[in-house]
Amino acid sequence: MTDPNWLPSRVRRNFRIDLFSALGAGAFVSVLIAFMPVVVRRMGGSTTDVAIVVAAPFIGNLLSPISAYLLAHLPIVRVVAGAASLSRFVFLIAVLLAATPFMLALTSVAFWIITVSNIAAYTALMQGIYPDRERASAMGNVRVGASVAGIGSAALAGSFIGVVPAQWVFAAAALIALPCALAFFAIRYDGPAAPPARRPALEIARDVWADRRYRKLLLAFAIFGTGNLMNFAVFPIMLVDHFDASNAFVGTLAIVQSATQIVAYPVVGRLIDRGSTLRQTLIATLLTILVPIGYLVAPGTWALLPVAVIIGVGVSSGELTGFTNIVHMAPHGRIGEYAAANAFLLGVRGTAAPFLAAALLGMVPPQVVLVLGTLLMTTGALVLAQLVRAPSARAVEVVAAEA
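Numbering that gives the first Met the number 0 numbers the first residue of the sequence shown as 0 and each following residue consecutively.
If you are wondering where the hints come from, they were derived from the structure by calculation, not from laboratory data. It cannot be assumed that every hint is accurate.
[Said to hold, decoys possible] Label pairs and their in silico Cβ distance ranges: (1) PRO3 with PHE184: 47 to 53 Å; (2) THR99 with PRO130: 47 to 53 Å; (3) VAL296 with THR47: 45 to 51 Å.
[What the hints assert, rightly or not] Taking lysine to any residue pairs in the SDA-like style, the calculated list, with each CA pair at most 20 Å apart, reads: (4) LYS215 with PRO364; (5) LYS215 with LEU344; (6) LYS215 with SER8; (7) LYS215 with ALA384; (8) LYS215 with VAL308; (9) LYS215 with ALA93; (10) LYS215 with TYR121; (11) LYS215 with GLN385; (12) LYS215 with ALA204; (13) LYS215 with ARG333; (14) LYS215 with LEU281.
Virtual Cβ for every residue (Gly too), placed ideally from N, Cα, C.
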């Protein structure tokens, strides 16, 4: 019997709403990610202030298991749409009141804590509204729309920041995104008759830890992600202090990255649907190692444009495989738990790594921090390669049955 959520007419309707919501999210988040660290630095913010901005999404991830537990009894569409809408409204008000670099950084933290609180519900919803053989492609196409919106918003923001107060630009981006977030309430999804029973956090952690393949995936991400996020805390410092990049050039980098994602999302989505999500994760991981190397060897700002292309490919692949890996590896009915576990560990490393980088920047040049981060990324990629080469439990069961 066909799942009513996967009827073609409903899938198409939900896809259109998902796409419209993504347009606002892409326009807003592109401005926030590209310009907030640079604006905080230009306002006189310390390396710690910049680290707070970079760590903000991951502080949200760190707290997301609490949100997942508290919101588990609510309809998941309301959780996803409500968190997205509330986060933009709070940001809109708070950013207009922020007068110092530190207050801007805290505004970013507040936004991300609310936004990421829906991560477990969002992962389960994507599994529910899109059929298995179309999920990655559909999610990729939605993100193409977000990338297109990001190109336009980054170009506009780059031209206005410096002419008008940056807070006004951030507020305008949030205001544009708010109606798109509210539209997500119109998603149609028939969930289970009763919400899943809440389980103690320690019991969930024990069961997830017992999954050896998923445990190894989390280990690989912990090592690789720590190095990667240390580097991303250094990049804004390099752009301002080393390359003396203008706001217009920062906008250009964001545009190049978004343009790359327009091409990469549908390609990566098809590769995942037709191949291996773990193999695609490894490919993206290896490509991302080239990013800090690019910053180390770039003779000028122009040489960072190819680096932005690589980041675009890595972000596209990472965002899709971040969901498809969980859907692929989690037992039936436990996707939300696996997503919460992944988000928690992402939050731990994402919160710690930027501050570790900030501490190291007080002792050594930025280039040394990038080298250390690259070594961690390489180690994590090697651990991931071992997982990709190892047969899955399902494959082993098939071989045993045939024998």
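Now for the hints, and whether the structure bears them out:
no.	hint	result
1	PRO3 with PHE184: 47 to 53 Å	violated (19 Å)
2	THR99 with PRO130: 47 to 53 Å	holds (49 Å)
3	VAL296 with THR47: 45 to 51 Å	violated (28 Å)
4	LYS215 with PRO364	violated (33 Å)
5	LYS215 with LEU344	holds (13 Å)
6	LYS215 with SER8	violated (39 Å)
7	LYS215 with ALA384	holds (10 Å)
8	LYS215 with VAL308	violated (29 Å)
9	LYS215 with ALA93	violated (40 Å)
10	LYS215 with TYR121	violated (24 Å)
11	LYS215 with GLN385	holds (9 Å)
12	LYS215 with ALA204	holds (14 Å)
13	LYS215 with ARG333	holds (18 Å)
14	LYS215 with LEU281	holds (13 Å)
The structure fails to meet hints 1, 3, 4, 6, 8, 9 and 10 from the earlier list, while all remaining hints are met.
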